[in-house]
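Student: Here the protein sequences come in this chain order: A and B. Be aware that the first sequence starts at 1, since it is given in our numbering, and climbs by one per residue. Be aware that the second sequence starts at 1, since it is given in our numbering, and climbs by one per residue.
Simulated from the structure, these hints should not be mistaken for laboratory data. Any given hint might turn out to be false.
Taking lysine-lysine and the DSS-like style, the derived pairs with C-alpha atoms no more than 27 Å apart in a straight line are [claimed, not checked]:
#1 A:Lys91 x B:Lys80
#2 A:Lys91 x B:Lys462
#3 A:Lys23 x B:Lys80
#4 B:Lys446 x B:Lys393
#5 B:Lys80 x B:Lys295
#6 B:Lys89 x A:Lys23
On the chain B side, residues computed to face chain A include the following (Cβ under 7 Å) [what the hints assert, rightly or not]:
#7 Asn19
#8 His37
#9 Thr136
#10 Thr140
#11 Val145
#12 Pro277
#13 Pro283
Glycine included, every Cβ here is placed at the ideal spot set by N, Cα and C.
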Amino acid sequence: MISLKDVEHVALLARLSLTEDEKQVYTRQLSDILEHVRKLQDLNTDGIQPTAHVLPLQNVFREDRVGEHLPVDQVLANAPERQDNFFKVPKII
Amino acid sequence: MAHYEAVIGLEVHVELKTNTKIFCHSSTEFGADPNHHVCPVCLGLPGVLPVVNKKVVEYAVKAGLALNCQIAAFSKFDRKNYYYPDLPKNYQISQYDLPIAEHGHLEINVNGANKYIGITRVHMEEDAGKLVHQGTISTTPYSLVDYNRTGVPLIEIVSEPDMSSADEAVAYLEKLKAIIQYTGVSDCKMQEGSLRCDANISVRPVGQAELGTKAEIKNMNSFKALHKAVSYEIERQIEVLEDGERVVQETRTWDEARGETFSMRSKEEAHDYRYFPDPDLAPLVIDREWVNEIKASLPELPDERRDRFVKVYGLPEYDAMVLTGTRELADYYEQCVELYNNPKLVSNWVMGDLARMMNVSGQEIQDLRISPHQLAKMLELLDKGTISGKIAKTVFEEMFKTGKDPGKVVEEKGLVQISDAGLIDKVVEEVIAANPKSVEDYRAGKEKAIGFLVGQVMKSTKGKANPGLVNELLKEKLGK
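Construct all of the structure, not just a fragment, from the sequences and the given hints.
Tutor: Now the structure itself:
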């Protein structure tokens, strides 16, 4: 079961600011989701290897060759604020 | 007062010297204009897919092998989730439960005693961007972000908590740096941040089995800083315990200017990274044949080279250890010995005058203007008696500064040793005449007085007189 405290913790980690009502709603909804997923625990997984990846792929590599960089004006196009060629952000300690 | 012992483990981040980043084709070159070495992948723009740089895996395996690790047959990447402006995706791709290499060790030597330090694991991850502050982080009004470093490949090397003093921690980091440099997978420049070190430190009363509460120390940017920070932190924790208080588990930062560590508690609150396998990256299955190929490509490592220096050149263990401290220094030494076959004499010069002058000028072996060939030539002049040992030091200093050939320096400065007995004889006569007191002392049995007289002769010949000859002549004249 998800508690109100869990929701507050996860919200803090995700930098979300929630109202009291939202916390109540998400506590119920997240609990329901976990309850639904819990059904997987009923399956017998004896002798099944843990899955690291869902596709039958391994060792997908690139060679170590430099390619094209994004022009700096495009890099900074989405910056909330810009100073010279830097992203400008609030200080975070 | 109870006696305490410290328990220290180090986490070391090393930037790998690849051309491109770990998951995209952006350049890793140091010192580019801000935000010029980035692409949609390392900026974490929506819809992009990371692809592993094969060279990174090769280098990580190489480092793992050099550190006596077992290389994983199966390895994968995980997401480490946290919010910070230097991390554009809001997660760092790292490795959690299946790192590329585990269970290694290296050997350190402190005060003549050898000790093995265990290596828990080596894992691959991407570096974060760089935050630029105005002044310090606490006083800056805002931060500027440069993402050039974002995605530069790192390996993190985690030691066992096997060290118990600042000396051991420094010896471990020095050896680790040497080994990694020898393999060529990183240049390990602490001043450029390609080698970074955090320390986990706790103390406990001697005899207590369980570990004390640890603090993690960050921001140590040199070997000196590591030594000072570890010493400081051990003392601080002992004081806390002595005062009957408890050590708090926290991250502390080393303040070089103030010479102390202080708490970074604000960042601690949410220490919950919620790791999970990165679904964008396929797992790695490491072929044993590939591992063997990489193993075969390993160069001679510092310990082997040290042992060979002792065996082949007959050097004392200490000389061999210092000379093999970096690959460049060891190469330089061996080139000199090849040209001038007196290993101990070459060692004395390289470890003595050369090391001292490099220290003073802050030069690395790569920057030296004096070539092995020139050093060998100078030693030959010394052998032939063209210059004295004392003059050799002057010549060497000039060569170090100017890169000139020793013969040229000797000629230009008129430093050829005077071995003409007639010339020296004249000066000896003058010195005897001018120093009756010392002459009397010597004749009265005070053997030491002759040293002063030799010194006077050397002085008036500007150090150029052959000291052996001076001694001989003086003794002969004062003999009776």
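Student: Is the interface hint for His37 (chain B) satisfied, with its Cβ closer than 7 Å to some Cβ of chain A?
Tutor: 6 Å, holds
Student: Hinted pair, alpha-carbon criterion (27 Å max): Lys23 (chain A), Lys80 (chain B). Please report holds or violated.
Tutor: 25 Å, holds
Student: So if I understand the rule, the pair passes when the alpha-carbon distance is 27 Å or less; does Lys446 (chain B) with Lys393 (chain B) pass?
Tutor: Violated - the C-alpha atoms of Lys393 (chain B) and Lys446 (chain B) are around 30 Å apart, more than 27 Å.
Student: Close enough to count: is the Cβ of Asn19 (chain B) nearer than 7 Å to one in chain A?
Tutor: 5 Å, holds
Student: Is the hint on Thr140 (chain B) kept, meaning its closest Cβ partner in chain A is under 7 Å away?
Tutor: 5 Å, holds
Student: Compare the distance between the alpha carbons of Lys91 (chain A) and Lys462 (chain B) with 27 Å, and conclude whether the hinted pair is satisfied.
Tutor: 63 Å, violated
Student: Less than 7 Å between beta-carbons is the criterion; does Val145 (chain B) satisfy it with respect to chain A?
Tutor: Where the cut-off is 7 Å and the nearest Cβ of chain A is about 4 Å from Val145 (chain B), the hint holds.
Student: Quick check on Pro283 (chain B) please, does its C-beta sit within 7 Å of some C-beta on chain A?
Tutor: 5 Å, holds
Student: Does Lys295 (chain B) lie within 27 Å of Lys80 (chain B) when you go C-alpha to C-alpha?
Tutor: Given pair Lys80 (chain B), Lys295 (chain B) is violated - Cα atoms ~31 Å apart, limit 27 Å.
Student: Tell me if the interface restraint on Thr136 (chain B) is satisfied: Cβ within less than 7 Å of some Cβ in chain A.
Tutor: 10 Å, violated
Student: Holds or violated: Lys89 (chain B) with Lys23 (chain A), Cα cutoff 27 Å?
Tutor: Roughly 26 Å between the alpha carbons, so the hint for Lys89 (chain B) and Lys23 (chain A) holds.
Student: Does the structure keep Lys91 (chain A) and Lys80 (chain B) at a Cα separation of 27 Å or less?
Tutor: 22 Å, holds
In terms of the numbered hints stated before, the structure departs from hints 2, 4, 5 and 9, listed from lowest to highest.
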